[in-house]
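As you go down the protein sequences, you meet chains A and B in turn. Position in the first sequence (first residue = 1) + 78 = my numbering. With my numbering, letter number 242 in the second sequence gets 232, and the count goes up by one each step, no holes.
Calculated from the structure, these hints are not laboratory results. C-beta: ideal position from N, C-alpha, C; glycine also. Be aware that a few hints might be false.
[Unchecked claim] Here chain A is said to cover these stretches of chain B; the calculated rule only asks that three of the stretch's residues, wherever they fall, bring their Cβ under 8 angstroms from a Cβ of chain A:
| id | segment |
| --- | --- |
| 1 | 24 to 38 |
| 2 | 131 to 137 |
| 3 | 215 to 228 |
| 4 | 279 to 288 |
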Amino acid sequence: MNRRVLSAGVAGLAVISLLGLAGCSSGGSGATSAPSSELPDSVNLNGETVVSLFTSMNNDYYASWAQGAQRAVEAFNGKYVGLTNEGDPATELAQFQQQVDAGAKIIFITAPDPSNVPAMADIAQQNGVCFVNTWEQPTWTSPFDSGDQYVSYLTPNSEEVAYTVAKALFDKIGGSGNVVHLTGHPGATPDQLRNAGFDRALAEYPDIKVIAEQPGEWDRDAARQAMAGIITQVGVDKINAVFGQNDDVGIGALNALTEAGVANEDLPPITGIDGNLSTMQLIKAGQMFGSFSGIPQFQAGFSFVQALDYCKGAKVDPLNRMLNTGGIFVTADNVDDYINTYTGDNNPYDWVKMSRVAYPDDWDPQNEVNTIDMEAMWTMLEPKPANFTLPQAYSDALPNRDTVDAEWADHWKLLKN
Amino acid sequence: MNQLARPLKWGGGILLPIAAIIILIVVFSLLAPSFFQFSTLIGILRESSVLLVVAIGMTFVVLMGSIDLSVGATVTLSALVAATIAGSGNWLLAILAGLGVGILVGLVNGILFAFVKVPSFLTTLGVSLAVGGVGLWFVNGRPVQIFEQGFTGISQGKLFGEIPLIAIWALILWGIFSFVGQKTRFGRYTFAIGGAEAVSGLAGIPIKRMKLWVMVLSGALAAAAGILLASRVGAATPGMGDRLTLDSIAAVVMGGTALTGGVGGVHRTILGVLVITTLTVGLNTLGVQPYLQQIVQGTVVVLAVALTLDRSKLSVIK
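Modelling step: build the complete structure from the supplied sequences, incorporating the hints.
Now the structure itself:
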């Protein structure tokens, strides 16, 4: 019995030590601070915990997301907590509930797929949590369905992005040839929208032929395996270009081509979407053609500021509850500028200046932001359900869409070029 | 037959898992005052529920000295089927269909294991891959949203305004199958087979039939867990049950059921579930970085098993 008590005590001490280490480590250390506007008391979080939930740190995109999230939260004197769900919506939902139970009032997320978003929004509404969501949303639904606490849904205009990238890729090979399309995770909102954009571009190039289309699951290894199968199926000489639905998918395709013995100078042009540092380095080395960056650091920080502003009393225009955010198409021509501005320890954003509450007259989004035409976006994915009607507040505000978009454009000063 | 393998008595061997839970609660409460509140208890109950239901079925399999690696895939497929049928508005049919999927998977496992005599590890591993593929094919890899409130209310409803219904269902199932494990012939046969299969056969226990029914039970409970999970999230997604396979095995072992069989019981599994869930909830409450969470969880699992395993009942450690 004494030995068992001693064993239990040793175990308890070990656990306490580990948790003490964990307690010291939670939040982590921030990067080098960039010059920032003065922090008014109206938005000073005074150490309040702010939570970001996202998929995984195994992905370069989310590493940048986490970096931006932490910088933005700490710029407002908040305590940043970031949790990953490894692609499991149920885990993310559980984390959301646990953080609400622990007292968090500002939570900004990106979900692995749309399935758990309504449940999280309901929890936010019931508990007075200011909630902003980026990327995933069930089709023909919106924040209006859940209540005011679901402040905004943000996403790059994935259809337009894919259209732009695909056209650039098709032009790169002279408007004719065979293209491999490696998609993302089936069912994910950006995957469906990017497919729509790719297809729109394809329709404009009758001499471009898609010789294979396989899911890349947003994952480098899954994409590599899919591409290896395609190479076996059609032969590497038949492939003139590769459209990767995100950067990891593009890199997976590159890995497969390299493993198949294709020399760097013979590689077909490959594109990605995300703007990860590793992709930028491959573009610089000439192994990839280009990538559209949604600037994940910006996406995280901007989504946090929207939630913060609402919590601090800002009124949100109905049209600003669904927003597209802009990005940059990076090729060899501008990759050095991109790397030196947006990656690694570079922190180009004045996060406090993004806040409408902190700077009501001269707030600055520091990126292109536009309101979303809800019907137009969802129609690209699915036919409109028979019983669907636009939310009344959104519908009433629609005539002002140009005005609201102009306001975003007029306030954008920093990083405009 | 009573001498072949006696299940543990209620009072013995459960103090250390309880101590582990208490230590975790104390430590987390000291590190994060917001942890020690009623809503955290509710949260732990809610988050434990799905794992507990899966672990109940796994306990019976492990007690027999076998393993079921297909529970995660069964959870997912049952959830996907139930969610799809719930879209028609008939939540009762959705539940029955989901359960039917689990029973069918269990039957396949049981027949292959008991009658074709493929070892349970290989049987359930292969079935897991196949069932996972069926799930992806069934929904074309896409999540299925659930809007039918009769279905979502199964898990999302509350009793007395606070107690999550999902926890009530899990506790009811735990109570029923704890009784089955301890007080019925079915339960005693499971222990006996795990303790000494050959001798049990000679004593007249229908080994093949027992293996079949235990696998069916495991599949059915995995399906029940899938229905509860889909109801809780409000959707079913491919792969949503994947993590439950290893988690349920860990919970069963941490609760004191030996992987070699014949030792432990369903009544103890709840303790293993609570250790895992309390740890996860606590680490999330502290906001511990994801990588560090895995280190802590792995360490605690090993420590908890090392302390709670009743080695006097094991002649061989593998």
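Structure-based check of each hint:
Remark: the segment 24 to 38 of chain B is confirmed as covered by chain A, as 9 of its residues place a Cβ nearer than 8 angstroms to a Cβ of that chain, reaching the required three. A count of 5 residues in the segment 131 to 137 of chain B with a Cβ less than 8 angstroms from any Cβ of chain A is obtained; the coverage claim is therefore met, three being the minimum. Chain A is given as covering the segment 215 to 228 of chain B, and this holds because 7 residues of the stretch bring a CB closer than 8 angstroms to a CB of that chain, at least three being needed. For a cut-off of 8 angstroms, the count of residues in the segment 279 to 288 of chain B with a CB near a CB of chain A stands at 7, and the three-residue condition holds.
When each numbered hint is compared with the structure, no violation occurs for any of them.
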